[in-house]
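Chains D and F, in that order, are what the protein sequence lines are. Numbering follows the working numbering, with no gaps: position 33 of the first sequence is 64. Numbering follows the working numbering, with no gaps: position 105 of the second sequence is 136.
Certain hints may be false.
As the list claims (entries may be wrong) - The calculated DSBU-like cross-link candidates involving lysine-lysine, where the alpha carbons are at most 35 Å apart (straight line), are:
(1) D/K375 <-> D/K35
(2) F/K415 <-> D/K348
(3) F/K348 <-> D/K35
(4) D/K469 <-> F/K184
(5) D/K415 <-> F/K184
(6) F/K375 <-> D/K61
In short, the hints are calculated from the structure, not lab data.
For reference, the chains in residue letters:
Protein chains: 2
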Amino acid sequence: MQDKVTPRILPGFMELLPADQILFNDMYDKIRSVYESFGFLPLDTPTIELSEVLLAKAGGETEKQIYRFNKGDNDLSLRFDLTVPLARYVAAHYNDLVFPFKRYHMSKVFRGERPQKGRFREFYQCDIDIIGNEELSILYDAEMPVVIYHVFKKLGIGDFTIRINNRKVLGGFFAAEGLSDKIEEILRVIDKIEKIGKNAVIKELVSIGVPEDKTEGIIDFITIDGTRKEMIEKLRALGIENEVFNTGVDELETVTDAMIMFGMPEENFKIDLSIARGLDYYTGTVYETAINGHPEFGSVCSGGRYDNLTGYYTDKKLPGIGISIGLTRLFSQLRDNGLIAPQKGTMADVLVIPMDKETLPYAVSVANKFREAGIPSDVYYGEKGMKQKMKYAGRSGFPYAAVIGTEEMGNGTLALKDLLGKDGQKTVTIDEAIEILKERKD
Amino acid sequence: MQDKVTPRILPGFMELLPADQILFNDMYDKIRSVYESFGFLPLDTPTIELSEVLLAKAGGETEKQIYRFNKGDNDLSLRFDLTVPLARYVAAHYNDLVFPFKRYHMSKVFRGERPQKGRFREFYQCDIDIIGNEELSILYDAEMPVVIYHVFKKLGIGDFTIRINNRKVLGGFFAAEGLSDKIEEILRVIDKIEKIGKNAVIKELVSIGVPEDKTEGIIDFITIDGTRKEMIEKLRALGIENEVFNTGVDELETVTDAMIMFGMPEENFKIDLSIARGLDYYTGTVYETAINGHPEFGSVCSGGRYDNLTGYYTDKKLPGIGISIGLTRLFSQLRDNGLIAPQKGTMADVLVIPMDKETLPYAVSVANKFREAGIPSDVYYGEKGMKQKMKYAGRSGFPYAAVIGTEEMGNGTLALKDLLGKDGQKTVTIDEAIEILKERKD
Numbered sequence: 032m033q034d035k036v037t038p039r040i041l042p043g044f045m046e047l048l049p050a051d052q053i054l055f056n057d058m059y060d061k062i063r064s065v066y067e068s069f070g071f072l073p074l075d076t077p078t079i080e081l082s083e084v085l086l087a088k089a090g091g092e093t094e095k096q097i098y099r100f101n102k103g104d105n106d107l108s109l110r111f112d113l114t115v116p117l118a119r120y121v122a123a124h125y126n127d128l129v130f131p132f133k134r135y136h137m138s139k140v141f142r143g144e145r146p147q148k149g150r151f152r153e154f155y156q157c158d159i160d161i162i163g164n165e166e167l168s169i170l171y172d173a174e175m176p177v178v179i180y181h182v183f184k185k186l187g188i189g190d191f192t193i194r195i196n197n198r199k200v201l202g203g204f205f206a207a208e209g210l211s212d213k214i215e216e217i218l219r220v221i222d223k224i225e226k227i228g229k230n231a232v233i234k235e236l237v238s239i240g241v242p243e244d245k246t247e248g249i250i251d252f253i254t255i256d257g258t259r260k261e262m263i264e265k266l267r268a269l270g271i272e273n274e275v276f277n278t279g280v281d282e283l284e285t286v287t288d289a290m291i292m293f294g295m296p297e298e299n300f301k302i303d304l305s306i307a308r309g310l311d312y313y314t315g316t317v318y319e320t321a322i323n324g325h326p327e328f329g330s331v332c333s334g335g336r337y338d339n340l341t342g343y344y345t346d347k348k349l350p351g352i353g354i355s356i357g358l359t360r361l362f363s364q365l366r367d368n369g370l371i372a373p374q375k376g377t378m379a380d381v382l383v384i385p386m387d388k389e390t391l392p393y394a395v396s397v398a399n400k401f402r403e404a405g406i407p408s409d410v411y412y413g414e415k416g417m418k419q420k421m422k423y424a425g426r427s428g429f430p431y432a433a434v435i436g437t438e439e440m441g442n443g444t445l446a447l448k449d450l451l452g453k454d455g456q457k458t459v460t461i462d463e464a465i466e467i468l469k470e471r472k473d
Numbered sequence: 032m033q034d035k036v037t038p039r040i041l042p043g044f045m046e047l048l049p050a051d052q053i054l055f056n057d058m059y060d061k062i063r064s065v066y067e068s069f070g071f072l073p074l075d076t077p078t079i080e081l082s083e084v085l086l087a088k089a090g091g092e093t094e095k096q097i098y099r100f101n102k103g104d105n106d107l108s109l110r111f112d113l114t115v116p117l118a119r120y121v122a123a124h125y126n127d128l129v130f131p132f133k134r135y136h137m138s139k140v141f142r143g144e145r146p147q148k149g150r151f152r153e154f155y156q157c158d159i160d161i162i163g164n165e166e167l168s169i170l171y172d173a174e175m176p177v178v179i180y181h182v183f184k185k186l187g188i189g190d191f192t193i194r195i196n197n198r199k200v201l202g203g204f205f206a207a208e209g210l211s212d213k214i215e216e217i218l219r220v221i222d223k224i225e226k227i228g229k230n231a232v233i234k235e236l237v238s239i240g241v242p243e244d245k246t247e248g249i250i251d252f253i254t255i256d257g258t259r260k261e262m263i264e265k266l267r268a269l270g271i272e273n274e275v276f277n278t279g280v281d282e283l284e285t286v287t288d289a290m291i292m293f294g295m296p297e298e299n300f301k302i303d304l305s306i307a308r309g310l311d312y313y314t315g316t317v318y319e320t321a322i323n324g325h326p327e328f329g330s331v332c333s334g335g336r337y338d339n340l341t342g343y344y345t346d347k348k349l350p351g352i353g354i355s356i357g358l359t360r361l362f363s364q365l366r367d368n369g370l371i372a373p374q375k376g377t378m379a380d381v382l383v384i385p386m387d388k389e390t391l392p393y394a395v396s397v398a399n400k401f402r403e404a405g406i407p408s409d410v411y412y413g414e415k416g417m418k419q420k421m422k423y424a425g426r427s428g429f430p431y432a433a434v435i436g437t438e439e440m441g442n443g444t445l446a447l448k449d450l451l452g453k454d455g456q457k458t459v460t461i462d463e464a465i466e467i468l469k470e471r472k473d
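Chain D extracted, bound-state conformation:
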């Protein structure tokens, strides 16, 4: 006997059993269908790119996480997000695209982080982005969270709140406070307020050189609360004379007004001035999404407006807006917390079971008729006893079994067995069986 290799995978990689995979794919399909219903075009880019191209912008933490390697003379990297490949794609195919260019991309990205609970090294991102040529209407900033609203509604995973802010509001405020040279650093600190608390934020602000007498004002500012309208009013009432700030407030008002116009309920979103997003390429609107009652999940869907993502590849001005669902992480959080659970264990709605070799041809014709009627069907071909055949049907989780003996074959019927419900077994014609199986689906 040869030595066996233990069949294992790396930590930080998700691999599911079939029932969970069906559940995962169901979520994936729902997200995709909403994205497509808003007209986003599909995109698929290479998993492996030239490091020189992919990492044109990267540095620091990101670069350390990259799966980077040589093959032949090439320095290669696995993509770590879907945003940089989009920028590269748009720059490369500029002449063949129509702008505004709306695309979705739902695929795996790779980050060699130290694995910990809820962190994955290989995970699905489900992105939508809209790229304009020279300009992009601010109304698209409102469409993004509306699409996400429909996604989360369709996923049916409970209440959620999309938090929205605008980098210009923050940047303008800090500039007016005389902190122009520290804006990026300050944003990274205040972004953590929910995680580390008010006092820790003050301490960090001081440590990066913010004067102590300004920290209270900063905290007061980013914790301004109220309804959407009240908050806009409060921001205006501050009387800050900074153009960037006032543009930001106007944008925030326009975007949130439009979200209402687009049909999004007031209860599913909220202006939150502490939302800054860590990434430095955001220039305007920013979003995060929380599952209500589960702050430990963190933001399950984030994004924002960027004015110059393609700057490393082209001189063209191509502003964009994007948002992304980290599906692998979201799935694992929902599953681990019992907020979702497998609904079915089989793709087929029915297992057709011939009692013996003689009834096999008829059994096959029954399965073919089921499939022609749009009912996914499986046939059990193994030469086992009925007990074992039924055990297979039960363990697999088939909703129905269609048992076929000599009698059924003789009179063109089948014994339809309800394996999950309470209908028991009844002898029906093929057409009657189709009706019952179709009804179940509706």
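The hints should help you fit chain F onto chain D, whose structure is shown.
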């Protein structure tokens, strides 16, 4: 101005423009829906695996093509097919699976080959496999090509022929010829007969040590022709007294008989004794698929029976049968030869165009109603003139535009413009528009 990085990808990687991507996804979805209609369960395994695990069986040519690299202390590899990950998965999750285990897996695999026309380094494989526990009915060997038959029918890419053979027929024949010690080598040579021709095969057979007086007999054997029934008869009439050979002929007959019983037309398949498949793990039935009239495509769908794929991971006996469509290559061949062409350029069926800011809220409500009725819809939010808005609709390829002015808003109608057909423009109610747009889809 900063230096720009040329936004390029590596040769051997496929990246599509949106209309082609829509076409590709349509093929992907059709394959998936047929696989699911036969009850195959979805599977998704990590792209990156431990080299020790993934390459347990590999060697020679395969190993050279692997994208292999170190990250931290780990020796990692990108998967080069979906079959080895399946073997690893089944061995690892043996206790949680129900056998026969039917799964499909449609995802990218990676092979660092020297790129050439029609060869890709990153490509989609669309696999189905059925794994049995201890045993697996030979009837599943017949189900595989039947599934593929339905796939190719659904793809609608013209006539095709699935060629079927059995390794035992070949192995038994060569054993009876006294060539037992050279079977693997001989199979690799005869597998090339279509590509290199009869004389080149004879030359290669001699070069690997096959006695010259046996080469004619080998060629005669592998070119036996006739109908399915005639070929089985001819094989039996050879009177070869070798158990493996006779088992193989019996299997070939059983499988092809069952394919007919399962509803596959005689014209879509053929016994071909020259089909051997290069891979050494096949032990019985083998398949290749040709697009009629396009021998230059090579086999677009291949597979076979294997008795011991999981042997490197477990002592359990887990025989299986599998078949795989190389979708990226098939797509590129069909597209390059004009056998397929993009059918649409947008995911949305209609672009709703508000003529100005005042009509925007009504335009949005129209789009929302379209989407509620299941019609993917896009709204143009840019503040441009009507001419530019219509140009965007035309260039994008929207089938319809719904133009909304003050008048339409006033009386609850819209101007529906047929952009691809000959219906011109007509003013209709929202419900009428929904009816027209739905009719088009059916």
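Verification of the supplied hints:
1. D/K375 <-> D/K35: Holds: D/K375 and D/K35 sit about 34 Å apart, inside 35 Å.
2. F/K415 <-> D/K348: Status holds; Cα separation ~18 Å.
3. F/K348 <-> D/K35: With Cα atoms ~13 Å apart, F/K348 and D/K35 stay inside 35 Å; holds.
4. D/K469 <-> F/K184: Since the Cα atoms of D/K469 and F/K184 sit roughly 24 Å apart, the hinted pair holds (cutoff 35 Å).
5. D/K415 <-> F/K184: This hinted pair holds, its Cα atoms lying about 33 Å apart.
6. F/K375 <-> D/K61: 22 Å, holds
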